[in-house]
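Produce the complete structure using the sequences and hints provided.
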Amino acid sequence: MRKSPLNSNKERILRFIQNNPGCYLRQIRNELDLSMGSVQYHSYQLQKVGKITSTRQGLYKLHFQSGTFQDHEKTLLQVLNQETPREIILLIIEQGNPTQTDVVKRLGISAPSINWHVRRLIDLNLIDEVRDGKYKRYKLRDDSIDSKYIEELLKTHHPNLWNKWSNRLVETFLSLSNEDK
Amino acid sequence: MNILDIFTSETPIIELIESILYIVGTIFAGILIALSISAYRNTHLQKLLYAIVAFLLFGIFLFYEFLEHSIPLDNAFTDIVIPSMGVSILVLFFLAIVNKK
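Protein sequences appear in the order of chains U and S.
Heads up: the first sequence runs through residues 11 to 191, numbered per our numbering.
Heads up: the second sequence runs through residues 32 to 132, numbered per our numbering.
Rather than coming from a laboratory, the hints here were simulated on the basis of the structure.
Hints may be right or wrong, so weigh each one.
[To be verified] Cut-off 25 Å, straight-line C-alpha distance, at most; resulting in silico cross-link-like pairs (SDA-like, lysine to any residue): (1) U/K146 - U/P122; (2) U/K71 - S/L66; (3) U/K174 - S/Y81; (4) U/K174 - S/V55; (5) U/K71 - S/I64; (6) U/K144 - U/V128; (7) U/K71 - S/N73.
[Unchecked claim] Computed from the model, here is a short list of chain S residues facing chain U with C-beta under 8 Å: (8) A70; (9) N73; (10) T74; (11) L76.
Positions of the beta carbon are idealized from the N, C-alpha and C atoms, including for glycine.
Take a look at the structure:
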């Protein structure tokens, strides 16, 4: 039996969400070359039958396949969409256990700003801070965050211009106030 | 009329440029408000709340200046409110910088 184009579009959208966890509507529309109305309709239908879930991040609604993504992974995806936390995680994957100085040097932003982002990543249970003599070192919280898995996510998740600007606004305020908690 | 006269007298061109600058300023204030709200929603950094209010006041201030330019709004009340908005904006930025949270 031939599938109707309506069902086929729904399946294409579901498959796209499975392959690109955390994608947003405009991304689906652009990649699948569908109208926004069609993408909205099918994603709503898929959510209604429980095949996908969504979570809001800023101006974007991120879509995930139901049951596949736990809260921890959703948090990780949200962090990867922000410039500085994303670069900190990338550096930890690349260097293993970088010190605070390594992070400051690599990212080229102020130490108070780095401190604030690191604190946030620790609070989100994504990384740990380890004392090594007089240095503070950072590592991924546990083995549940697989670096290869993050690399896969990074291919499809990168901060958009608006997120970059809002991130820089945060850094400007943190640098000005020299916050060092 | 020489070029100096254009910049020292109230000509239609100067008034037009003034209005355009107020509108552009208001639009920029709007973008900065949206950016601060987005940054606050992503990070929950409390000092951004000061920035949101400051940019909002700045937007209102510029929009009021634009309106005042187009329709007569001058009265004793606004003579106090408008300068105090300027002071409030500076105080809010100061608080955003010194606040530890």
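Hint by hint, here is what the structure shows:
no., hint, result
1, U/K146 - U/P122, "14 Å, holds"
2, U/K71 - S/L66, "17 Å, holds"
3, U/K174 - S/Y81, "20 Å, holds"
4, U/K174 - S/V55, "23 Å, holds"
5, U/K71 - S/I64, "20 Å, holds"
6, U/K144 - U/V128, "18 Å, holds"
7, U/K71 - S/N73, "13 Å, holds"
8, A70, "4 Å, holds"
9, N73, "6 Å, holds"
10, T74, "5 Å, holds"
11, L76, "6 Å, holds"
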